[in-house]
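What follows is the residue order along each chain.
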Amino acid sequence: MKTRSIVLVWIVSFLSCPLLAQDLTGIKIHINPGHGGWDSDDRGIATPLYPSVGPNVGFWESQSNLDKGLQLRELLEASGCTVQMSRTQNRTQDDLPLSTIVQMANEFGADFMLSIHSNAGAGTANYVLMLYAGKDIGDTHNYPTATPKSDESRAISTEIAKNLFGNQMTHWTGAYRVTGDKTFGRTAMGWSDGYGVLRGLRVPGVISEGAMHDYTPETYRLLNMEYKWLEAWNFQKAFCTYFKGSEIPTGNMAGWVKDSRNLILDGSYTKYTKDVLLPLDGATVTLLETGETYTVDNQRNGVYVFKNVAPGTYHIQAEANGYYSQTQEVSVVKNQITGFNFELNKIRNTPPEVINYSPKVAAGELVECSTPIVLEFNWDMDEESVRNAFSITPAVEGKITFEDSQFRMRFTPDMPLEASTLYTVRLDKSASHPDNQSMEEDFIIQFMTKSRNRLVLLQGYPYEGSDGVYYKDPVFWLIFDRKLNTSNLRDEIKVWDEAGAEIAKATRSVKNNNVPAPHGAFYFQLSSALQPDKLYKVTVGAEVKDEVGVKVTDPIEIHFKTSEVAVTNKTVIENFETAGKYMYDADRSNSVTDAAITRSTATYLFDQSSYQLKGTFTADGAYVTYKMAEPETVVSNEQTIGLHVYGDMSGNELQLLFSNGTDAVIKLCDLNFVGWEFVEAGLSSLPEGEDFTLTGIRVISKEGILNKTLTICIDNMLLYNASTGNSLPDTTAGKMEIYPNPASETIFVKTDSDEIPLLRLYSLNGILWKEVRANAIAVNELSAGTYILKVQIGKEVFRKPVIINK
Amino acid sequence: MRKLLILIVLLGQTMIASAQAIEVTSVQLLKGTEKGGFFHPVFSPDGTYLLTTGENYAGLNHHSPATGKVQTLTTDAGAGYDLRISDDGNTILFKRTELQNNLRYTSLNRYSLQEKRQSQVAKATREKITPVWAGDQPAYVKGSTLVKSPLRASSTPMAPVINIEDQKMVLYSGNQRTTLTPNGADASYFWASVSPDRKHIVYTIAGGGTYVSGIDGKNPVSLGKLNAPKWLDNQWIVGMNDKDDGDFVISSAIVVATIDGKVRQTLATPQTPIAMYPAASADGKRIAFNSDEGKIYVLAIHIQK
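These protein sequence lines map, in sequence, to chains A and B.
When you line the first sequence up against numbering that gives the first Met the number 0, it's residues 0 to 805, in that order.
When you line the second sequence up against numbering that gives the first Met the number 0, it's residues 0 to 304, in that order.
Note that these hints are calculated values from the structure, not bench results.
Hints are supplied without guarantee of correctness; some may be wrong.
Stated by the list, open to error - Calculated from the model, a selection of chain A residues having no Cβ within reach of chain B, i.e. all distances over 12 Å:
id, residue
1, Ile26
2, Lys27
3, Asp93
4, Thr139
5, Val196
6, Leu197
7, Asn340
8, Glu382
9, Pro630
Unchecked claim - Just some of the chain A residues that point at chain B, by a computed CB distance under 7 Å:
id, residue
10, Asn141
11, Pro143
12, Tyr241
13, Phe242
Unchecked claim - Which stretches of chain B does chain A cover? Using the computed rule of at least three CB atoms under 8 Å from a CB of chain A, they are:
id, region
14, 48-62
15, 90-101
16, 155-163
17, 166-175
18, 263-273
19, 289-295
Don't be surprised by glycine CBs; every beta carbon is placed ideally from N, CA and C.
Please model the entire structure based on the sequences and the hints provided.
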């Protein structure tokens with residue numbers, strides 16, 4: 000339509016509509032713009048645009064309320080209304096006592112008292128709330144201060160609420176609510192009797208919470224003066240309706256101008272529906288028939304408003320640099336706000352191309368199996384065409400997502416990429432942007448993955464099947480093959496009881512990666528004691544990952560049983576309460592430094608103290624000996640020695656030394672645990688019929704991640720004639736066949752499931768030796784001994800002790 | 000140095016003690032108000048009864064402290080706001096608000112305690128009406144006009160009256176109507192009244208606190224924050240120091256101050272943390288106030304001369 004025709008149509012429609020002005024002559028309105036000043040109670044709202052608010056900087060409810068109030072006064076006075084304002088400036092001294100505001104409205108003899116506010120909804124809610132003076136219909140509570148003006152207050156408040164809720168520029172999270180301040184105060188806030196600015200009013204009144212100012216898109220809109228004018232206009236309209244002051248003969252046009260698909264990228268605040276779209280600061284909107292132009296402000300709201308427009312048909316045109324302009328025909332109706340929101344399309348005038356990508360590697364460089372595949376474009380892309388154009392060979396199942404307003408595509412494999420594999424990623428040139436231009440040529444990258452695609456749990460305590468975990472104060476220490484990314488460890492690694500209830504960690508006990516590089520670890524204790532003789536499990540989630548993002552992938556479960564490790568019904572031959580009973584024996588030690596044995600009052604299980612053994616091994620085959628100052632305990636091969644040990648997970652071997660002229664050594668335990676355990680050694684390997692004297696303790700360095708350091712404690716040593724007993728649980732009974740056991744070459748697993756099981760073979764100290772997804776596992780290369788075989792079928796994990804012979 | 004500090008502390012305590020010019024000799028919960036719901040107390044001229052109203056000024060209640068009897072005189076909306084009792088205590092002038100076509104109208108009525116009935120003095124109007132007593136005859140200010148009975152003249156002259164009109168104070172004295180704006184024409188004035196000796200005015204301005212000026216509006220003296228001020232006698236003002244958190248009142252104390260602003264004293268009201276809207280008896284010996292829930296307390300006081 001040509002401009003002359005448009006103007007003609009508009010003039011005809013304008014002249015055909017009689018303009019009878021609204022009239023509020025004689026009506027008296029008290030306006031209380033809530034709050035006052037730039038103080039802590041004036042609701043300064045930090046946003047990405049204004050991370051630090053201050054006087055006249057950023058959004059303040061006190062200023063926003065005043066802006067609305069002053070504009071409302073202007074509108075009302077133009078309608079003949081008599082207006083009183085409780086404040087006209089935004090200073091701390093303008094924040095009047097509630098009793099003063101009430102008295103001003105009473106003395107003024109107002110027909111209505113309007114307290115203008117906006118609300119806070121934790122950044123996620125946005126709705127209109129009218130708290131009128133009084134109580135709800137049907138509220139039978141007996142208030143000492145019932146409000147006689149409830150009906151009038153409710154009626155006007157409802158008109159206001161309906162008008163405000165008609166705002167099509169915002170997103171409402173719920174319907175408007177009109178409620179008595181006494182009912183609301185009692186039921187929602189727990190107050191005794193309503194709001195102070197309404198108590199004592201002899202005139203009808205309301206606290207108008209027009210929107211939620213902490214819903215950030217609304218915060219930005221409330222920085223626009225004309226947006227606030229619209230709220231004032233809605234107040235005026237409500238007064239005209241209630242006081243029968245005729246309809247407002249003009250209408251308004253309002254809306255916003257935003258990018259049709261590019262998103263707001265600053266901040267992670269909540270944005271609903273179209274509030275995610277990028278407002279076009281500086282866009283212009285022109286009312287073609289009048290030539291009036293509105294320039295969108297730079298407050299990230301996109302708002303435009305044309306005030307007091309004569310009813311009729313108009314054409315409005317939105318323009319912005321780099322965008323196609325749009326023109327829209329709209330009808331302006333008297334006494335109404337006509338809403339139209341523009342979503343402008345960006346001008347994309349060159350073909351799309353990939354301008355960056357990942358993985359980007361030099362020749363011969365290998366790629367982590369966890370590396371995502373990311374393509375960045377020079378334009379925001381058409382999602383469907385990119386999905387159709389993308390391929391990866393060998394084929395990988397995964398998800399394609401778009402970021403940065405479709406400027407970036409990300410392919411996330413469902414499982415880690417295969418190790419040591421050459422991959423080819425191709426984006427066919429059919430990939431296009433919304434202006435229907437395609438790429439000029441295919442985009443292809445190739446890369447080779449590294450040989451490792453799983454994060455491996457090497458060692459842990461409790462280990463699978465351990466049944467001597469000290470129930471009162473268990474210690475958890477899981478050691479992996481690489482340093483861990485610590486961002487999600489507390490959520491991904493958990494302890495559960497038999498009923499499926501999670502046991503909370505003691506937050507301050509947590510230590511991350513407290514092992515030598517390149518290994519990683521997660522160490523923690525619990526916030527409360529466990530129950531003795533109960534089954535528990537530790538779960539390691541699939542999302543536990545190392546520093547380069549390689550994940551565990553297959554969740555791990557470690558089952559353990561608690562016990563009371565403190566044995567009190569046997570003869571104590573040493574309580575370690577007196578210093579000097581043992582000493583470091585340098586003559587019978589090798590390749591050790593800083594060796595010491597001292598009384599410890601910091602870590603002990605009985606009475607007041609234990610002995611702490613320390614040392615640093617400097618070579619393979621190192622050992623350290625601690626001799627008794629006065630050997631006196633005589634034993635025979637029919638007896639057993641038990642000892643309470645606070646382990647260090649070193650994997651080193653703890654031995655007992657004896658002599659009767661001839662030296663003898665008996666292994667007490669492997670130090671494959673952390674925290675207190677009770678260990679025991681039968682002395683049957685001593686020559687029969689001979690008495691031996693206990694002469695000392697020795698620790699021998701073995702292979703292991705933590706084998707270079709020794710830090711253990713020992714408490715109450717016992718001597719008795721029988722073992723306390725020990726056994727490993729078997730949870731496979733009746734559910735599968737595992738054979739042969741003992742085995743020397745291969746162990747077979749036969750299940751009823753069609754799924755091929757995941758088999759993991761662990762040593763007794765929790766080290767994962769082997770993992771295969773198959774129905775058999777080769778064991779011929781393993782040392783003889785007892786192992787734990789874990790069989791995972793789906794999410795269920797079974798375990799069985801197996802013996803490997805040579 | 001330590002002795003000097005002790006001396007300073009002792010001197011300070013002496014000064015504070017000497018500043019306790021008003022002594023509270025007793026605090027009584029007014030019988031019949033135990034359940035709350037009674038607000039904005041007013042003493043009768045001879046102090047034999049008190050009037051209260053609802054928090055929102057609906058209705059009028061008559062309290063006899065001697066008997067504890069409570070009578071409802073009217074339930075009219077707005078009846079408790081800005082009422083006036085005749086000097087002999089027998090007649091109460093009060094307003095009644097009503098809705099007509101969604102608009103608020105106010106009429107002026109009087110209630111005869113002897114006859115136990117009410118009658119209309121002025122018809123309902125959209126204009127502001129302020130009741131006054133022209134001697135022993137009812138009168139009123141309607142809009143900006145003092146209206147007296149054309150039929151019956153008072154046997155005593157009308158005392159000066161302050162009325163709030165367009166947020167300014169207007170003094171009606173004799174046949175004179177004088178607009179007073181001691182703190183400027185832009186200030187918003189309210190809670191204004193003339194002292195018993197007719198020499199001073201106490202008033203409050205929005206955001207500026209309470210002042211006492213001469214009857215001519217000159218020489219305003221700030222009393223600081225002292226809301227809902229009332230004359231205790233010609234030298235003392237009683238009011239409230241109410242504090243809120245923006246949502247509701249969190250505390251309020253009864254405060255007295257001399258008209259020169261030099262002495263200010265908070266009266267202890269241990270019965271309630273929120274003591275509001277005080278009223279003083281004509282003899283200056285009692286102060287009544289309401290609690291947050293609408294119980295009425297009466298303080299017996301002694302002013303040290």
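Item to check | Given hint A/Pro143 near chain B, where the shortest CB pair must fall under 7 Å | outcome: 4 Å, holds
Item to check | Given hint A/Phe242 near chain B, where the shortest CB pair must fall under 7 Å | outcome: 6 Å, holds
Item to check | Given as non-interface: A/Pro630, which should sit over 12 Å from chain B by C-beta | outcome: 68 Å, holds
Item to check | Hinted contact A/Asn141 with chain B - closest CB pair below 7 Å | outcome: 9 Å, violated
Item to check | Cβ contact check, 8 Å cutoff: the region 155-163 of chain B against chain A, three residues minimum | outcome: With 1 residues in contact (Cβ-Cβ under 8 Å with chain A), the coverage given for the region 155-163 of chain B is violated.
Next on the checklist: Checking a non-interface call: every C-beta of chain B should be farther than 12 Å from the C-beta of A/Asp93. Is that right?
Outcome noted: Per Cβ check, A/Asp93 is inside 12 Å of chain B; nearest 6 Å; violated.
Next on the checklist: Cut-off 8 Å, C-beta pairs, minimum 3 residues; does the coverage of the region 166-175 of chain B by chain A stand?
Outcome noted: With 1 residues closer than 8 Å to chain A, the region 166-175 of chain B misses the three-residue bar; violated.
Checklist entry - If you take the shortest Cβ to Cβ gap from A/Tyr241 to chain B, is it below 7 Å? => result For A/Tyr241, the interface hint holds, since the closest Cβ of chain B sits about 6 Å away, which is under 7 Å.
Checklist entry - Within the region 289-295 of chain B, is the number of residues with a Cβ closer than 8 Å to a Cβ of chain A three or more? => result Coverage by chain A holds for the region 289-295 of chain B (3 residues, Cβ < 8 Å).
Item to check | Outcome, coverage hint (the region 90-101 of chain B, chain A; C-beta under 8 Å; three residues) | outcome: As far as the region 90-101 of chain B goes, the hint holds, because 4 residues have Cβ atoms under 8 Å from chain A.
Checklist entry - Is the nearest Cβ of chain B still more than 12 Å from the Cβ of A/Asn340? => result 35 Å, holds
Next on the checklist: If we take the beta carbon of A/Leu197, is the closest beta carbon in chain B still more than 12 Å away?
Outcome noted: Contrary to the label, A/Leu197 does not stay out of reach of chain B, its closest Cβ about 9 Å off (not over 12 Å).
Figure legend: structure checked against the earlier numbered hints; hints not met, in rising order: 1, 2, 3, 5, 6, 10, 16, 17, 18.
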